[in-house]
Amino acid sequence: MTKTMLRDARAFAEALFSTERGAPPEARIDWLLTELADFTENAGARATLILQGGLLTASWLAPPLIGRAPPLARLSVADRCRALDKLEHTPAGLPLLAVKAMLCIIYYEHPDVQRESGITTGSAQKTSCMKSVTS
Amino acid sequence: MSFAVERGSKHAGDVNLDCDDVIVGSGAGGAVVAALLAESGRRVLVLEEGPHVPIETIQRLRPSQHLARVWRDGGMTVAVGVGDSPTINVTMGRAVGGSSIVTGAVCFRTPEHVLADWSGRLGLRELTESSLRPHFEEVERAISVEEVPEQMRSLGTQRFAEGAQKLGYVMEPLRRNTKGCNGCGRCNFGCPHGAKMSVDMTYLPRAVAAGATIWSDCLVDTIAMKGGRATGVQGRIIGRNPGFLHRAGRIRVRAQRVVVAAGAYHTPLLLDRCGAGKRSGQVGRNMTLHPSFRMFARFEERIEGWRGALQSAYSRSLQHEGLTMVGLFVPPGVLAATMPGFGTEHVRRAADIPHLAVFGGLLHDEAGGTVRRGPGREPFVTYRMAREDRARIPNVIRRMAEVFFAAGAKEVFPPILGQPGVTADQFARLDLDNVPSMRLECSSQHPLGSARMGTSEGTSVTNVDGRVWGTENLFVADGSLVPTSLGVNPQVTVMALATRVAQRMM
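Going down the list, the protein sequences come from chains A and B. So the first sequence is numbered by the numbering used here: it starts at 1 and just counts up by one. So the second sequence is numbered by the numbering used here: it starts at 136 and just counts up by one.
Only chain A is shown next, with the shape it has when bound in the complex (with noise of 0.2 Å):
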């Protein structure tokens, strides 16, 4: 993944998962970008720039939706929420779900986020959950 695609994964995911006591812990979002890096490694081309195109969307298209300038990482991220929030229900709003997507299925496997909300599958105890398969 490219600075650029860090930079704008990391701004979408501390908005998407942030609470009323702000952003993730960084060691979370670290680790998710971690294997976020790790998914586009091993998925190929095209899935990669589905999620550019989506990370860019995100990027450039949310902020003028609330009167700011892009890139969305330079929004605090209450206004990135509420930015990416009124993009998903335009017609733009699509290709955010792949990112939104691939996000979401990666951070809920985190054994402290399964733990939080309530999720007992066990998959992430009983798989190498902190660590990524390389074969």
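Some hints here could point you the wrong way.
[Stated by the list, open to error] Below, computed lysine to aspartate or glutamate pairings styled on EDC-like, alpha-carbon distance capped at 20 Å:
(1) A:LYS86 <-> B:GLU285
(2) A:LYS86 <-> B:GLU576
(3) B:LYS545 <-> B:ASP600
(4) B:LYS301 <-> B:GLU285
(5) B:LYS413 <-> B:GLU480
(6) B:LYS361 <-> B:ASP153
(7) B:LYS145 <-> B:GLU174
(8) B:LYS314 <-> B:ASP356
(9) B:LYS145 <-> A:GLU41
These are calculated hints, taken from the structure and not from any lab test.
Following the hints, complete the assembly by docking chain B onto the known chain A.
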């Protein structure tokens, strides 16, 4: 079950091979043909574009890792909607074992009314229920098809069944290719217990035991033709990071016969590149997808839909409306992804995941898909949904919501982008007939028919034996052959037709 696979990526330089029959693709169709031809004494070579991910590795993968390594495009392949059609997320496998390793293991024989249509209207008189029965039986034995016991149903499926009963719909148990399943709900993402009898557990080990060779990481670019005869295939080895100064190795295979089983997205591309079947004008056309729509429902009680078989029951009570309702579950992360909103609102909704039940509705569609050459080597697929099918979508959504509300659901989450959960009263006020196609969440796991079989060159790509019109020794043996939509999961149909193709080749 382990079996030997030659990893193309481990071979430096070019590779030249020779065999009797080369099979492109190792999924449900290719694996069956490989096993049967090898067991009949032929020297068989199988080339698979994807990697070989042994079951021991698959068992350790989390869903996201499985998506990245085993699914084509990480699960993000689409058929672009044309006109008033939704864009459809089409999921396929890309590994030794093909899509059979990413299915929910659901097994249906081809419905009798579909076979009646094939043998009647389409004139495929050889494809009757009685003539295909021995093939169905052989396949079902080989992949251990068994009924899902009622006690293995998830609570979500139980609740849906209760609602269905109140509305007079009949729920029936699904049959799946499993052995020793304990219902952990992870079939799509690699069975952690090796209980799913996909072709990497059944037909491929048989093929190797009978002398077949399987090469992974080999991307076939073209079929070599001389007049009406296929003489082999050519392609390249997909190496990992070959480096700036190193080109990927080439692979050339000389063979007496070529079988294309690369799936409904890629088989027509291979035929198109070598000009086979071109005169028919049908290569890449007539694709059906079974466009599918999910419905989530929130219950007061904890559902924990991940406990129980991923897919265990279905209803064909609405078959006359072109709708099959099939039970399923999806990983919590996917459920979360469909929750609208960002930040606090999203997290609050995602906290309801343990209370969500899921069911799916599958449309028995008319052919609307077209496969064309896209940029690079990948296909560009469009889908123009038939007007009648498009008109059915609101009904699909309505029916599934009604069942969940009858079962006591507090809210349902229709498959509409950005749509929050709605109560029964709110749902009744939704203008489902006017939801723009771009806002519909639609998926497909069953691309079929893009090189369909038929009775004449003018209307089909292959004859009823899978041989491409105008060629002597080029065959198709995958979902591309299936001449119409089935209305049910196609795994067993594809394998039965592949069995028939292989037997005709012997």
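Cross-check of the supplied hints:
1. Between LYS86 of chain A and GLU285 of chain B, the direct Cα distance comes to roughly 44 Å. Violation of the 20 Å bound is thereby established for this hinted pair.
2. Using a Cα cut-off of 20 Å, the hinted pair LYS86 of chain A and GLU576 of chain B holds, with the two alpha carbons roughly 18 Å apart.
3. A C-alpha spacing of about 52 Å is found between LYS545 of chain B and ASP600 of chain B, which places the hinted pair above 20 Å, so the restraint is violated.
4. For a cut-off of 20 Å, the pair hint linking LYS301 of chain B to GLU285 of chain B stands: about 18 Å separates their Cα positions.
5. Note on LYS413 of chain B and GLU480 of chain B: the hinted pairing is violated, with a Cα-Cα distance of about 54 Å set against a maximum of 20 Å.
6. Distance hint between LYS361 of chain B and ASP153 of chain B is fulfilled; the C-alpha atoms sit about 17 Å from each other, no more than 20 Å.
7. Proximity of LYS145 of chain B to GLU174 of chain B is assessed by CA-CA distance (about 28 Å); at most 20 Å being required, the pair is judged violated.
8. As the CA atoms of LYS314 of chain B and ASP356 of chain B are separated by approximately 37 Å, the hinted pair breaks the 20 Å bound.
9. Pair hint LYS145 of chain B plus GLU41 of chain A holds up; C-alpha atoms about 19 Å apart against a cutoff of 20 Å.
Hints 1, 3, 5, 7 and 8 from the earlier list are contradicted by this structure; the remaining hints agree with it.
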